[in-house]
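**Q** The residues making up each chain are set out below.
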Amino acid sequence: MKSKTVTIIDYGMGNIGSLSNAFNYLGAKVKILSDPYKIEKSNIAILPGVGSFHKAMKIIKKNSIDKAIDNIISKGDYLFCICLGMQLLASGSFEDKFTKGLGIIPNQVDKFTFKETKNKIPHVGFNQVFFEKGNKLFKGLSSGTDFYFVHSYRMLPEKMKKNISRTNYGVNFMSSLVKDNIYATQFHPEKSQSNGIKLLDNFLKITQ
Amino acid sequence: MIKKRLIFTLLFEKDSFFLSRNFRLQKIGNYDWLKKNYDFSVITESVDEIILLNVSRDENEIQNFCEIIKTFTKECFIPISAGGKISSLDVAKKYIQSGADKLVINSNLFKKNLLKKIANTFGEQSIVGSLDYMNINDNFIFYKKNGSTKINIKTKNIFDTLAKLPIGEIILNSIDMDGTSNGFDFSILKRIPKNFQKPIIYAGGAGNYKHLLDAFKKKEIDSISTANLLNFVGDGLQEARKQLIKKNIKLAKWI
Numbered sequence: 020m021k022s023k024t025v026t027i028i029d030y031g032m033g034n035i036g037s038l039s040n041a042f043n044y045l046g047a048k049v050k051i052l053s054d055p056y057k058i059e060k061s062n063i064a065i066l067p068g069v070g071s072f073h074k075a076m077k078i079i080k081k082n083s084i085d086k087a088i089d090n091i092i093s094k095g096d097y098l099f100c101i102c103l104g105m106q107l108l109a110s111g112s113f114e115d116k117f118t119k120g121l122g123i124i125p126n127q128v129d130k131f132t133f134k135e136t137k138n139k140i141p142h143v144g145f146n147q148v149f150f151e152k153g154n155k156l157f158k159g160l161s162s163g164t165d166f167y168f169v170h171s172y173r174m175l176p177e178k179m180k181k182n183i184s185r186t187n188y189g190v191n192f193m194s195s196l197v198k199d200n201i202y203a204t205q206f207h208p209e210k211s212q213s214n215g216i217k218l219l220d221n222f223l224k225i226t227q
Numbered sequence: 078m079i080k081k082r083l084i085f086t087l088l089f090e091k092d093s094f095f096l097s098r099n100f101r102l103q104k105i106g107n108y109d110w111l112k113k114n115y116d117f118s119v120i121t122e123s124v125d126e127i128i129l130l131n132v133s134r135d136e137n138e139i140q141n142f143c144e145i146i147k148t149f150t151k152e153c154f155i156p157i158s159a160g161g162k163i164s165s166l167d168v169a170k171k172y173i174q175s176g177a178d179k180l181v182i183n184s185n186l187f188k189k190n191l192l193k194k195i196a197n198t199f200g201e202q203s204i205v206g207s208l209d210y211m212n213i214n215d216n217f218i219f220y221k222k223n224g225s226t227k228i229n230i231k232t233k234n235i236f237d238t239l240a241k242l243p244i245g246e247i248i249l250n251s252i253d254m255d256g257t258s259n260g261f262d263f264s265i266l267k268r269i270p271k272n273f274q275k276p277i278i279y280a281g282g283a284g285n286y287k288h289l290l291d292a293f294k295k296k297e298i299d300s301i302s303t304a305n306l307l308n309f310v311g312d313g314l315q316e317a318r319k320q321l322i323k324k325n326i327k328l329a330k331w332i
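Each protein sequence line maps, in turn, to chains A and B.
Going by this note's numbering, the first sequence opens with residue 20, and the numbers climb by one from there.
Going by this note's numbering, the second sequence opens with residue 78, and the numbers climb by one from there.
FYI, nobody ran anything at the bench for these hints, they're computed from the structure.
The beta carbon of each residue, even a glycine, is placed where N, CA and C say it ideally should be.
Be careful, since some hints might not be right.
Just some of the chain B residues that point at chain A, by a computed CB distance under 10 Å [to be verified]:
#1 Ile-79
#2 Thr-150
#3 Cys-153
#4 Pro-156
#5 Ile-173
#6 Phe-199
#7 Gly-200
#8 Ser-203
#9 Phe-263
#10 Leu-266
#11 Asp-299
#12 Ser-300
#13 Lys-324
#14 Leu-328
Using 30 Å as the maximum straight-line C-alpha spacing, the simulated BS3-like pairs for lysine-lysine come out as follows [what the hints assert, rightly or not]:
#15 A:Lys-181 with B:Lys-151
#16 B:Lys-80 with A:Lys-139
#17 A:Lys-152 with A:Lys-119
#18 B:Lys-151 with A:Lys-158
Produce the entire structure from the sequences given, and follow the hints as far as they go.
**A** Okay, here's the thing in structure tokens:
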């Protein structure tokens, strides 16, 4: 089989090395790109991200990466968003002040509070991910599998019902979503031992 | 449900791997030696996270350590924290660009401007504060710079101060117990305020599976770190993890 080429969108936020290593490990070729005209030609693109929503959106808009992502989606190509990358899909985030997101998913992003979760913040470590049978991202894994999280904000779960997973951290939140050819996880598959490698392999197999 | 975490810490100076006992460093071998003598995949597949610390006495020694970070991130798919010599945003960037997910900050922990700069770039969750202490009859004295410099702060104020810093987690490391394999000293736990909101990584003294079990049973402790490779030779760590899960300690399971 011809090896697949995965584009990792580099906009200066997050650990790109580990993702690149994980896809290499799975036999894919990796291109790390920041030029929107090159990014939009990708068949498989990864939107990673760690840190500030506000700062990320500013960079993404300034460099026209939002337009490149829109083009990938309208061509029907594949997009996988991780951690802050998943949150950026939202209509907006209440981090510091309200910032508009990419608006691809109608939900909003908000901070965990100690008051509602009765848990320490950030949510850091392995936690269980619950999903319904037939969710192709989790093929071969059982509901309740552990994945690694590190975040203080999360996508609020309203509006989407199908093809999502839930995780509990005092409150239930959306830990992954699938919508058409868009895949997103709040957790880090590239940091989740063999469980995460399996999930990334599932994603690569979906991208036929 | 969030799981507890078992973390392995490795100390490096240039390309050599060190063990520490009461903060005195002993050279063990270089990275190749480590790989030859230990099946490292067994270790990385038995822990939830890895911490790499740059303990070089040469203040400018950043590049070799970045190579060490790169080597680890190529081979293990778990979170990697890197620490030591993070005196500027520039060093923090170099560690993150080499593949680190989090930054461990000890000597510069109370430099708020530096922490803010790093948090603004990589998020508060990327900073792990590290605090070394000695216990003298339940009076705690806190140290920085590899245990060589006292921090002028009282125990009753320390956790309030830590709570206000823009950091994600705290490592509490006992200098008295460090590297002794005699088990943990739990006496500082009762000084932690009930509403303290940052996850705590407990370190210093783990020698065997029983020590890990005792520590994981404490509700204040979210994670344990051990740096004593020689205690967990061969499949020691893998076996310890299995036993802990058997004893109902909530640790992540992998396929």
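**Q** Look at each hint and say if it fits the structure.
**A** Each hint, compared with the structure:
1. Ile-79: 5 Å, holds
2. Thr-150: 5 Å, holds
3. Cys-153: At 8 Å from the nearest chain A Cβ, Cys-153 of chain B passes the 10 Å test, so the hint holds.
4. Pro-156: With Cβ-Cβ at 5 Å, under 10 Å, it holds.
5. Ile-173: Check passed: Cβ of Ile-173 of chain B comes within 6 Å of chain A, closer than 10 Å.
6. Phe-199: Cβ of Phe-199 of chain B sits 5 Å from chain A, so the hint holds.
7. Gly-200: OK, holds: Gly-200 of chain B within 10 Å of chain A, min 4 Å.
8. Ser-203: Given a least distance of 7 Å, the restraint on Ser-203 of chain B holds.
9. Phe-263: For Phe-263 of chain B, the interface hint is violated, since the closest Cβ of chain A sits about 19 Å away, which is over 10 Å.
10. Leu-266: 15 Å, violated
11. Asp-299: 7 Å, holds
12. Ser-300: 7 Å, holds
13. Lys-324: 18 Å, violated
14. Leu-328: Holds: closest Cβ of chain A sits about 8 Å from Leu-328 of chain B, inside 10 Å.
15. A:Lys-181 with B:Lys-151: 35 Å, violated
16. B:Lys-80 with A:Lys-139: 13 Å, holds
17. A:Lys-152 with A:Lys-119: 33 Å, violated
18. B:Lys-151 with A:Lys-158: Given that 30 Å is the threshold and the Cα spacing comes to 25 Å, the pair holds.
The earlier numbered hints that this structure contradicts are 9, 10, 13, 15 and 17.
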